[in-house]
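*Asks:* Taken in order, these protein sequences are the chains called A and B. Quick note: the first sequence, position 132, residue 132 per this note's numbering, numbers continuous. Quick note: the second sequence, position 119, residue 119 per this note's numbering, numbers continuous.
Among the clues, some could well be false.
[Unchecked claim] With a Cα cut of at most 20 Å, we get these calculated EDC-like pairs of lysine to aspartate or glutamate:
hint	chain 1	residue 1	chain 2	residue 2
1	A	Lys127	A	Glu53
2	A	Lys127	A	Asp32
3	A	Lys127	B	Asp61
4	A	Lys127	B	Glu40
5	A	Lys127	B	Asp64
6	B	Lys127	A	Asp64
7	A	Lys127	B	Glu80
8	A	Lys127	A	Asp38
9	A	Lys127	A	Asp47
10	A	Lys127	B	Asp90
11	B	Lys127	A	Glu80
12	B	Lys127	A	Asp75
13	B	Lys127	B	Asp106
14	B	Lys127	B	Asp47
15	B	Lys127	B	Glu40
16	B	Lys127	A	Asp32
17	B	Lys127	A	Asp61
18	B	Lys127	A	Asp90
19	A	Lys127	B	Asp75
[Unchecked claim] Per the computed footprint, the stretches of chain A lying under chain B, defined by three or more beta-carbons under 8 Å from a beta-carbon of chain B, are:
hint	stretch
20	7-17
21	41-47
22	82-90
Keep in mind that the hints were calculated from the coordinates and are not lab data. Idealized CB from N, CA, C, for every residue including glycine.
There are 2 protein chains.
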Amino acid sequence: MAEYVVRPVGRIESSLRNRSDAPNQGDEGAPDCTIALDPEYATAARDIAAGAELLVLTWLDRTDRDVQAVRPRGDPDRPETGVFSTRSPDRPNPIGLHRVTVLAVDGTRLLVRGLEALDGTPVIDLKPPLGAVSER
Amino acid sequence: MAEYVVRPVGRIESSLRNRSDAPNQGDEGAPDCTIALDPEYATAARDIAAGAELLVLTWLDRTDRDVQAVRPRGDPDRPETGVFSTRSPDRPNPIGLHRVTVLAVDGTRLLVRGLEALDGTPVIDLKPPLGAVSER
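Isolated chain A (complex conformation) (with noise of 0.2 Å):
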């Protein structure tokens, strides 16, 4: 099949530095972090308010593409699970998805709650979220 390329258009600043001090979920204790797009997306960005929830797409880019069963949460009594069944990171596209509360924006950089990814990941993408058709 067709391969596609994805251009990040942003980067997680982030005080967590590698997988071992990450939590599984960012409503798990994640500290505040800053989403840094590229000013070349100030202009699809410009309408992300304080207050807003978001959500956000990582390329989760210190993972493993080949994995396809993992323990969830890596706890050893649980059974092997198919990739697509878990958040696993580690999963052949390591597209990472985030539910964020926006504290302040300044330009195109985005102070964010409840997102746990590492210093340095890439941003692909930010979207509202899924609701009822009569938020849209």
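Go by the hints and put chain B onto chain A.
*Replies:* Frame of chain A, contents of chain B only:
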């Protein structure tokens, strides 16, 4: 910034052939469709069962990656909005995010409800929905 290569893990089989046929969101009347995964990813998909709720990530391959602002839902009465605050398929990295219900599983073919992508659209990842910590 470094670029990354997305390798599709399957394709959508749908009766929707072009953008003018597609509803704006899957829960506005998309026909049921099939996610035909490459058998190479059978292990990653092996725990997906009928009844599961899934997030499906697609690569929207018939879109314009240079668009940074749109009028939401194509409505000329709505102000132009930066694409990171919209679900426009035209965006720098054209990744579609769809919440679906699995109706049936036949090997690596998943019949799903709630997905509005065009026939042939590449599928790049499947994940469980974002939920409460207790559900993980």
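*Asks:* Determine for every hint whether it applies to the structure shown.
*Replies:* Verification of the supplied hints:
1. A:Lys127 x A:Glu53: 9 Å, holds
2. A:Lys127 x A:Asp32: 19 Å, holds
3. A:Lys127 x B:Asp61: Within the cut-off at roughly 18 Å; holds.
4. A:Lys127 x B:Glu40: 30 Å, violated
5. A:Lys127 x B:Asp64: 16 Å, holds
6. B:Lys127 x A:Asp64: The given pair, whose Cα atoms are some 16 Å apart, holds under the 20 Å limit.
7. A:Lys127 x B:Glu80: 16 Å, holds
8. A:Lys127 x A:Asp38: Within the cut-off at roughly 16 Å; holds.
9. A:Lys127 x A:Asp47: 11 Å, holds
10. A:Lys127 x B:Asp90: OK: A:Lys127 and B:Asp90 at ~12 Å, within 20 Å.
11. B:Lys127 x A:Glu80: 16 Å, holds
12. B:Lys127 x A:Asp75: 19 Å, holds
13. B:Lys127 x B:Asp106: Distance of about 19 Å is within 20 Å: holds.
14. B:Lys127 x B:Asp47: Within the cut-off at roughly 11 Å; holds.
15. B:Lys127 x B:Glu40: 17 Å, holds
16. B:Lys127 x A:Asp32: 24 Å, violated
17. B:Lys127 x A:Asp61: Holds, at roughly 18 Å.
18. B:Lys127 x A:Asp90: 12 Å, holds
19. A:Lys127 x B:Asp75: 19 Å, holds
20. 7-17: Holds, because 4 residues of the stretch 7-17 of chain A bring their Cβ atoms closer than 8 Å to Cβ atoms of chain B.
21. 41-47: Check passed, 6 qualifying residues.
22. 82-90: holds (count 6)
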